[in-house]
Every structure is written in C-alpha cells, then in structure tokens.
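So the sequences go chain by chain: A and B.
Take any residue in the first sequence, note its place counting from 1, add 1283, and you have its number in the numbering used here.
Take any residue in the second sequence, note its place counting from 1, add 18, and you have its number in the numbering used here.
Worth flagging that the hints you see were computed from the coordinates, not collected in a lab.
Backbone N, C-alpha and C define an ideal beta-carbon position, used for all residues, glycine too.
Check each hint, because a few of them may be wrong.
Claimed, not checked - Think about it this way: if two alpha-carbon atoms lie no more than 20 Å apart in a straight line, the pair counts; the simulated EDC-like pairs of lysine to aspartate or glutamate are:
#1 B:Lys144 x A:Asp1338
#2 A:Lys1289 x B:Asp54
#3 A:Lys1391 x B:Glu272
#4 B:Lys144 x A:Asp1321
#5 A:Lys1289 x B:Glu183
#6 A:Lys1385 x A:Asp1471
#7 B:Lys144 x A:Asp1471
#8 A:Lys1421 x B:Asp54
#9 A:Lys1385 x B:Asp179
#10 A:Lys1476 x B:Glu22
Said to hold, decoys possible - Label-pair restraints from in silico Cβ distances:
#11 A:Leu1367 x B:Asp72: 54 to 62 Å
#12 B:Ala173 x A:Leu1285: 22 to 30 Å
#13 A:Pro1336 x B:Gly145: 19 to 27 Å
#14 A:Ile1374 x B:Arg26: 38 to 46 Å
#15 B:Ala173 x A:Val1343: 26 to 34 Å
#16 B:Val96 x A:Lys1476: 50 to 58 Å
#17 B:Gly232 x A:Pro1336: 31 to 39 Å
#18 B:Ala185 x A:Pro1378: 30 to 38 Å
#19 A:Ala1290 x B:Arg26: 17 to 25 Å
#20 A:Gly1295 x B:Arg180: 15 to 23 Å
#21 B:Ala185 x A:Pro1495: 37 to 45 Å
#22 B:Thr192 x A:Ala1393: 36 to 44 Å
What the hints assert, rightly or not - Partial list, computed: chain B residues near chain A (C-beta under 7 Å):
#23 Gly28
#24 Phe31
#25 Leu40
#26 Pro43
#27 Ile101
#28 Thr139
#29 Ile141
#30 Tyr204
#31 Asn225
#32 Ile241
#33 Ile263
#34 Thr264
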Amino acid sequence: MLNQLKARFGSGLAIGIVGMIAIWLIALVVLPQLLMVDYSFRPNLLPADIGGPKDTYSLVNYETLFSNHIHLKIFFKTIWSSVLVTALTLIVSYPIAFYLAKVATPQKAALCLLLLIIPFWINEILRTFSWYIILAYKGPLNAALLGLGLIDRPIRFLSGDGGVLIGMVYAYILFMIFPIYNAIESLDTNQIKAARNLGAGWIRTHWRVIIPHAKPGIATGCIMTFMLAAGSYAVPALLGSPGSRWFTQIIYNWFFEGGNWNQGAAYAFLLLVICIGFIALVMRVFKVGLGDIAR
Amino acid sequence: MSSESIMRFGVRFYIGIFFLYLFTPLIIMGLATFNDSRFPTVSPWRGATLKWFDALAQDGAMWQALWTSIIVAAGVLVVAVPIGICCALFLSTVQGKGKTFIYSLMMSPLLTPGVIVGISTLIFWKGLSVNGGIFLTVIAQTTFISAYVMLMVLARLQRFDRTLENAALSLGATQWQAFRRILLPYLKPAIISAAAIAFLQSFENYNTTLFVKGYDTTLTVYIASKVRTGLTPAVNALGLVMITITILLAVVYEWKRRKEAANETES
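Given these sequences and hints, build the entire structure.
What follows is the structure, given as structure tokens:
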C-alpha cells in the first residue's frame, strides 16, 4: 500500500500520509476503544491497588447492571425508545424525501433543501431548548390546544417520555431525510412511470419499485438515527424528567457522580454493543454492505 | 382526476405541516427573547423588551465559554482537516486487500455514539496522566470530525481526472509539484467546505465534549447548563444571535457552493 502511495506522491508525502492516518487510527480511534473495554472488566480500585493482586479481570461490572432493576429497565427503555424514534423518523421522512426527489420541480426542491438545511446548522441544544419552551406546562402548545378547545386542561408533555421522543425526531430527522433523498433521486423516473402505466397503484409502486431501490438510503438513515438516539445525552437531559432517564445519563452519573469509571466503562461498552448489533441487524435485513452506508 | 387532485392536496398539506414543524421552534425561540417575562415563554405575552440582550452582553461566563469554544474549534480544524485529507488521498490511491478493513476503521467513529468517543478518550488519556480540558476536547472531537472531513474530500477526489496529474509528471513536474499545483488546487473547494463543517461540528458538539471538558466550558455546554439551572430569556437572546449568525453562514455557504457547481458545469 505504501508503494502505491509512493508511486503517486513520492516518498516524503507518502510517509506523511501514512503517518497521519496511523496516528489518528491507532491513538485516537482504536486504542482508546480497546482500553475502555479493558477498563470495563477491571474492578474499581484505589490508585495504590492498581496493578496489585486485587486488579484482576472479572464480569462484576456487568453483573451490576443485571442485578439493578432500575438500570436494567432504563437500559431496555432506551433501546426500545430509540427504535421507536427511528421508526417515527422514517415514517415522517419518507414522504418528504420522495417529494423532494421525484415530485417537486428542481427549483422548488432546491428551495426546500435549503430550508431543510437551516435548522440542521443550528445547535442541537438550542433546537431542543425551543421544544422545552413549546412543550412547557404553561407553554404555547398547551395554550393553543386549550384555545382551540381540543383539551380541557394542560398536558404535562415534559414529565414522561413524550417530550423526549418529539425532541429526538426533530433533532435527527435530517439524518434520515438526506440518505433517503439521495437514494430515491438516483432512481430513473421512467421506472416509476412504467410501473404506473402497467397498472400498479401508488402503494404498489412504492413497495415494489421505489423502496427496494432506496434500501441503502433507508438503512443508512435508520442506522444514523438509532445511533444518535441511543447515544443522545442532550435531548433527555433537557426534555426528560427524573422519571424518564436515558441510559447515557446513567453512564454519565457513574463517571462524574459515582466516581466509578470502570462501572461506567462497562455500561458504555454495552451501549456500543447494542449500537453495533443494531447496525448488523439493519444491514442484514436490508441486505446492504458497509460500502453502501454513508455514501 | 379527482382522486389525483385530492392526492396532490394531501401532499401539499403534508409538506406545509412539515415545514411548520421544522420552523415553529426557531420562531418561538426568537419571540421568547423579546417577551418581558422572567422565564422564557411566549404565552402569556407581557410586552416587548430588549433587556435580555443587555443581560447577555454582561454575562462574563458566556464570553469566557465562547472563547473556549473558538479555541477548541480552531484546534480541531488544524488537526482534523489534514488527517481527513490524508485519509481521502490514501483511499483514492490505494487498491488491494485490507482497504475495506481500513475504510471500516475510518468510518467507525461516525457510527459510534458521541458519548462513547468521549469516554474512551477520557480513559485512554487518564492512563497518560492527562485530565479533561481544552486539549482533550480537541483530541476527542478530532476523532470523529476527521471522518467527516475525509468523506467530504473523498467525494470530490473521486471525480478527479488523474490524467491531469500524469500530464504534469510527464512534462517534468516532480511528484510534489504535481500534488501542490494540480491536486491541491482542485481539492481546495472541498477542503474549505470541510473546514467549515468541521468548525461547526466542533462548535456545537455536546455529547462528546461533556465527558472530556474537565473544568473548561464550551458555549454549547454553557447553554445546556443554563437551560437546566437559572433559565432566563438571556439564553434565548444568545440562541437568537447564534441562529442569525448560522443562517447567514448557511446562506453564504449554499450560495458559494451553488456558484461553484454552476461554474463547473459550464467549464
């Protein structure tokens, strides 16, 4: 590989390129992850005991999760809610992506894409904070619903998981729309016309022609959304309540309140395993490879 | 035909609702800045005021956090952009076994939750007796922002015509000259875009930064802490200023990008 680089760029530059990549991949990407896993199998010891006889590998940090019902419940709730966020985001995004790619005129699509990008440029914390204002007990949404006579008394959006779900769909929607849009856009419109001319209804056309073509985009969108939702700290911290904690908040507490980094590392590794498991599952269900993702 | 027109109305209605959903929060956030109320809200409306901008300007901790954010983002820019370029050059040049594996490794930070990037960085550097702070924040953010830079540079590199490079070489240019005079100028727009995205990603990062920040506070962390404790419309004022700046930047960026795209199709 080095020879191919040398042939194109000369030795000096080739060595520089390989060196930069090696430093990044080894010192920033791979070693920290491995060390985190290593950490998770060790007990939490005083500095004096590290490396001593008590410093042995064990599964004790993982057993903590399975013996703590509250943490276990939050763990499964986080997974389930992230799946829910992913599904909701997909349902909301697909029609928009299709409209932008195949229905709208090029000028309209360009304008819509610009409008879509603007909220994406704005800080996630700020976007979430605006939902905090909207969903507040005495906030504008409750005021509007009361004014329209749709409800008799204000709804407490922020004391359950509802606010967190709404905030997450909002925060991650663009990670779903763009991959699907890119995938549908590459479909030859004649294929849709052919399906329609041959008598397929709209639903059938989507199901048999458009969705199969958009599969890599849908897979990418789902993977990104799930990963962002399961790993989110900001949205549940801002829109959740003590009763609707997220697994990342438990991890944070192990690090900065419990002072037990080994325990936190074990929880973090479990979160990573869930995310990798989800990626593997989606790639299998949609029959796409890693090369199709993040194009 | 009537079913077709119902369908068309349905689509329009949906698009309308969608964009309402997308922009209402930003508008509410802006309006709440001007409401003369102790808490950020728009209902009930207590009359317009500009006092929250004053409160914001006098918030010393905010200015400190802004400065920290700028230092971190500049640091990330300096490290992540060259790494990303190197990765893109590597991927576009090298063929053969192992490339898929290396590509997967390079992509992995993007598929890892941000909190885990932060945690693993914190643990790794603790072993080297480096505690959280500005340095570690730069390192942790570089881990995944490099991958974004790589993807953006690679996208342009894949459209590069290598015969240009070969022509330069056969006309007597050294490899360095061919790189410096042919390839780098070609990549320049992508590098500038990637740098802008890297800066923004760093500036708004929360999940990773939270774990490695130590006693330093970036602006995003500061806003989040304000939302949870001591919430006043001064936060909205800050939000409104940031939204205005980002929208301006976004519009300029899009406008430049389109102009470049148009130039390219002409030539």
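Going through the hints against the structure:
A hinted pair counts as satisfied when its Cα atoms are at most 20 Å apart, and Lys144 (chain B) with Asp1338 (chain A) qualifies at roughly 17 Å. With a CA separation close to 66 Å, the supplied pair Lys1289 (chain A) and Asp54 (chain B) exceeds the 20 Å bound. Restraint check for Lys1391 (chain A) and Glu272 (chain B): satisfied, since their Cα atoms lie roughly 15 Å apart, inside the 20 Å limit. Distance hint between Lys144 (chain B) and Asp1321 (chain A) is fulfilled; the C-alpha atoms sit about 14 Å from each other, no more than 20 Å.
Between Lys1289 (chain A) and Glu183 (chain B) the alpha-carbon distance is near 14 Å, which keeps this suggested pair within the 20 Å criterion. At most 20 Å may separate the alpha-carbon atoms for a hinted pair to count; Lys1385 (chain A) and Asp1471 (chain A) meet this at roughly 10 Å. A hinted pair counts as satisfied when its Cα atoms are at most 20 Å apart, and Lys144 (chain B) with Asp1471 (chain A) does not qualify at roughly 54 Å. For the hint pairing Lys1421 (chain A) with Asp54 (chain B), the CA-to-CA distance comes to about 16 Å; that is within 20 Å, so the pair holds.
Pair hint Lys1385 (chain A) plus Asp179 (chain B) does not hold up; C-alpha atoms about 31 Å apart against a cutoff of 20 Å. For the hint pairing Lys1476 (chain A) with Glu22 (chain B), the CA-to-CA distance comes to about 15 Å; that is within 20 Å, so the pair holds. Between Leu1367 (chain A) and Asp72 (chain B) the Cβ separation comes to about 43 Å, which falls outside the hinted range of 54 to 62 Å. A hinted range of 22 to 30 Å for the beta carbons of Ala173 (chain B) and Leu1285 (chain A) is consistent with their spacing of about 25 Å.
Checking the proposed 19 to 27 Å range against Pro1336 (chain A) and Gly145 (chain B) shows it holds: the Cβ atoms sit about 20 Å from each other. Checked against the hint of 38 to 46 Å, the C-beta distance between Ile1374 (chain A) and Arg26 (chain B) comes to roughly 21 Å, which is inconsistent with it. A beta carbon spacing of about 46 Å between Ala173 (chain B) and Val1343 (chain A) contradicts the range 26 to 34 Å that was offered as a hint. Look at Val96 (chain B) against Lys1476 (chain A): about 51 Å separates their beta carbons, and that is inside 50 to 58 Å.
Roughly 32 Å separates the CB atoms of Gly232 (chain B) and Pro1336 (chain A), a value that falls within the hinted 31 to 39 Å. In this structure the hint that Ala185 (chain B) and Pro1378 (chain A) lie 30 to 38 Å apart at CB is violated, the actual value being about 48 Å. The hinted window of 17 to 25 Å between Ala1290 (chain A) and Arg26 (chain B) is violated, with their beta carbons roughly 57 Å apart. Checking the proposed 15 to 23 Å range against Gly1295 (chain A) and Arg180 (chain B) shows it holds: the Cβ atoms sit about 20 Å from each other.
Here the CB-CB span from Ala185 (chain B) to Pro1495 (chain A) is close to 43 Å, well matched to the stated 37 to 45 Å. Range check, Thr192 (chain B) to Ala1393 (chain A): about 43 Å between beta-carbon atoms, so the 36 to 44 Å window is met. Because the smallest distance between the Cβ of Gly28 (chain B) and any Cβ of chain A comes to about 9 Å, over 7 Å, the interface hint for this residue is violated. With 7 Å as the threshold, the beta carbon of Phe31 (chain B) stays out of range of chain A, its nearest partner Cβ sitting at about 11 Å, so the hint is violated.
A least Cβ separation of about 6 Å between Leu40 (chain B) and chain A falls short of the 7 Å threshold, and the interface hint therefore holds. Look at Pro43 (chain B): its Cβ gets to within about 3 Å of chain A, closer than 7 Å, so that hint holds up. Because the beta carbon of Ile101 (chain B) sits about 5 Å from the nearest beta carbon in chain A, less than 7 Å, this interface hint is met. With 7 Å as the threshold, the beta carbon of Thr139 (chain B) comes within range of chain A, its nearest partner Cβ sitting at about 5 Å, so the hint holds.
Nearest Cβ of chain A to the Cβ of Ile141 (chain B): about 5 Å, under the 7 Å cut. The hint holds. Hint status for Tyr204 (chain B) relative to chain A: violated, with the closest Cβ pair at about 14 Å, above 7 Å. Here the hint on Asn225 (chain B) is kept, as its CB sits about 5 Å from the closest CB of chain A, short of 7 Å. Look at Ile241 (chain B): its Cβ gets to within about 5 Å of chain A, closer than 7 Å, so that hint holds up.
Here the hint on Ile263 (chain B) is broken, as its CB sits about 10 Å from the closest CB of chain A, past 7 Å. The closest approach between the C-beta of Thr264 (chain B) and any C-beta of chain A is roughly 5 Å, which is under the 7 Å cut-off, so the hint is satisfied.
Checked against the numbered hints given earlier, the structure breaks hints 2, 7, 9, 11, 14, 15, 18, 19, 23, 24, 30, 33 and satisfies all the rest.
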